[in-house]
Amino acid sequence: MRYLSHTPDDLREMMEVIGIERVEELFDSIPQGVRRDSEIAIEPESEWRLLREFEAMAAANCPVTTFIGAGSCAHHVPAHVPYLASRSEFLTSYTPYQPEISQGTLQAIFEFQTMTGSLLGMEVANASMYDGASALAEAALMAIRVKKKPKIAVSRLSHPHYLQVLSTYLRPTAFETVELGALPDGRTDCGKVPGDVSAVLVQSPNFLGVVEDLGAVAEAAHARGALLVASFTEAMAWGLLKNPGSQGADIVCGEGSSFGIPHNFGGPGVGMLACRKDFVRAIPGRLVGQTVDRNGERSFVLTLAAREQHIRREKAVSNICTNSGHNALTAAIYMATAGREGLRRIAQINHDKAAYLKAGLEKAGFRPLFNAPFFNEFALTAPAGFEQRRAKLLEKGFAAGLKLDAFPEYKDAYLFCATEVHTRDVLDAFLKEVA
Amino acid sequence: MDRYPGTRGLAFREALLWERSRKGRIGLSLPEQDVPRSELDAGLVGDGPDLPELSEVDVVRHYTRLSTWNCGVDTGTYPLGSCTMKYNPKINDRVAGLPGFANLHPMMPVECIQGALSLMYALERDLLEITGMHAASLQPSAGAQGELAGMLMIHAYHAHRGRQRRKIIMPATAHGTNPASAALCGYSPVPVQLSQDGIMTPEAIREVMDEDTAGIMITNPNTLGIFESHIAEIAKIIHEKGGLVYGDGANLNALMGYADVEKMGIDVLHVNVHKTLSTPHGGGGPGAGPVVVRDVLEPFLPVPRVVKDGDRYTLSSDAPLSIGRLHSFFGNFAVLVRALAYTRTLGKHLKDVTEMAVLNANYVKAGLKGVYNLPFPQPSLHECIFNDAIQRKQGVTTLDVAKRLIDFGYHPPTVYFPLVVDGALMIEPTETESKADLDGFVEALRAIAGEAAANPAMVTDTPKNTAVARPDEVLAARHLILRGETPQ
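From first to last, the protein sequence lines are chains A and X.
Under my numbering, read the first sequence as residues 1 to 435, first letter to last.
Under my numbering, read the second sequence as residues 1001 to 1488, first letter to last.
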């Protein structure tokens, strides 16, 4: 086996040092009653055969052009981003517990925290969460820790999967959610926020693509003594839109995989979690801080470990330890590459492409579900017979939007997405097929 | 010193990103503006994030230099106890990057994702074959989320049976995440006395198990590397009182081909694929923490589940007792692809993996016995735990030994964990270290013990060859600087 290097001579010498004659003796502490009675029935494969098999599985997925976002928007990955991230010193290292030989990871995460803070307009960002959904669930628990009221008001227009994960996390607790419905313009109705909620949780742009008025939501939340938890599934939007922090958000959570991370069938992504600095001791997950070493050199370490599970055990603010460090690195490389101006321009192009697609679909008989501002996703009501057409479009290589099954109140409604990856040629070819 | 890898040569300083920034630079290639510009309402548009402005070359230099300040498994021996830092095969990365996987959108019609679902189904089958369990879910994103999934299932099980319980048995040899995961389900941990051999006894369990206790969280082999040989009887006691057994699979690398998890009486176990199944740790994730369960817990598994129907695969959420969804989509798929590449490459030779991992740990243990104190001399499996009881008398601590080891060119072992050992040095070499690497590592630790006896300052005044030395962690926590300034 090519990953194991002991020769028969090595084995003999090692067993002699240990004082055994057969390797099996080392397992004498495992009682007969709990031993398996057969060998592992998986046939080992050569690299050649393995590659063929995996290529066949990969080929069994349709190679189509998607016009679906829904928490995983298609974005271009610049060549140097995965190239740098896959350097083995980053990829094959562990959590940076030994700062002297982990300054690469530590500085990269410090820079990720800094750029994420800038992106979201927040004072503190952590080293990442698993994904957008778990970031949202942890943000809700964090808000409850801060405000100590047992309920969270949650916009119905948040990503349905994220709300499902939130209810999984809340299931064993006494905490509850209160749903905030939609206004006719596709924004969240914050007119009836109850008084016993720790936070109002609103996604922007929301699941139906509408840019929420976070400033007004913040006012409604704060008037009730609640925090505004702003969530997002499309980090690219903050290249163009006013960031949540500047509109009064207290905690911001979301998915950052638009920055250099491919779809990967939905994972792994990278959860982003940020807050105002007053709440830093309540934030879950790892934090990297700047300090000096004993020679006065600037250096970076994991800090505020007193919040974390390996020190606090059952009193920790969360159980998270491994997070999405390598994808945080990837997202950081992307943000550094784009920079202030680049991110603004690529975000503007996203909006341009989406507006072009929307106008084209409207010409083909679709009607906008809302008269509301959008970024790169929008919901439309389809003309009669579109559901049958959609199957045909798939055969022609187009995934024509997402049917909004999770929102039965919007009949025949579909969610579309266009980004910088969709050239005008592709958009026109698609529109021609739809028309 | 010549025989140790050590460090020599150029080490570049590297500024923070924004210290390299020059106004007007963009490192991103922007696509042609082939559609008309569409203006958003000016009231919605912000000033743009305050990000550094760099060329592509700046970015490449920056991260390349940062990488040289890191140390990975590809760089050298990385014997972190409890972390299973084995070699990460490169073919795994290659297949995970196949465009048919990497570019697959998660919300596609089921006809379009047959390859992905077949892969997930195959990995579930392999995990069940390796562990002997009944059903699986690949959704959890990490070991700790797998633990949470397991505890949520145990909580849902008790709720379904009509009476919730309030406590959970938690040995001191449990991972730190275990009590935190249990706390998320509202269970308070109940400690249990360990025997002199460092394991739990049926008598001790009988004393604490009652009908208000939801079950037990067991790591086997435990964090001392010792097999809990009474596990089947312990599980029986738990089950008789209506409780369930949670197994922390962090140490599965010690058991493949030998132990049957179901026969141990475990009801739910999480598998750290970034440990046992060789997926890269990535400097702190992403990993994956699938759970495998006995039949009694299958109805509670997260949804959606992958279902095979003839030659066709579907996703099903039709499970009224399920704990619900745990992931934005279906789990860390790209990590799971790597895990399947590993189980398929090794197959039945996973048993050899376990044997060589245990052999290597015992070889290191034999080489260091007498030189460092071994608080639990009992037979151990894939890791061995020493401490600084001898060196402390010479004015040298575990931390000093760890830092000195860096100068010899080795990543230190896990230190000060598990908590049941004072000043622990927890060594897990894994199966992929060669005899020569292990010999070098053992000799380095022996040399350090010699230095500690002869001239402690040689050990305490370290590390010498690194970019930074002993950063002030107290200062970092007291004067929090969690983000940099971004002057433009």
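The set of hints was computed from the structure by calculation and includes no laboratory data.
From a predicted model like this one, the values you see are computed outputs, not experimental measurements.
Ideal placement from N, C-alpha and C gives every residue a C-beta, glycine not left out.
Errors might be hidden in some of the hints.
To be verified - A few chain A residues that face chain X, going by a derived Cβ cut-off under 8 Å, partial list only:
1) F27
2) R35
3) E55
4) P78
5) H80
6) Q164
7) R345
8) A384
9) F386
What the hints assert, rightly or not - Once the Cα atoms are required to be at most 25 Å apart in a straight line, the calculated PhoX-like pairs of lysine-lysine come out as:
10) A:K242 to X:K1348
11) A:K148 to X:K1167
12) A:K392 to A:K432
13) A:K315 to X:K1263
14) A:K411 to A:K149
15) X:K1263 to X:K1348
Taking the earlier hints as the rules, which of them does this structure contradict?
8, 9, 10, 13, 14
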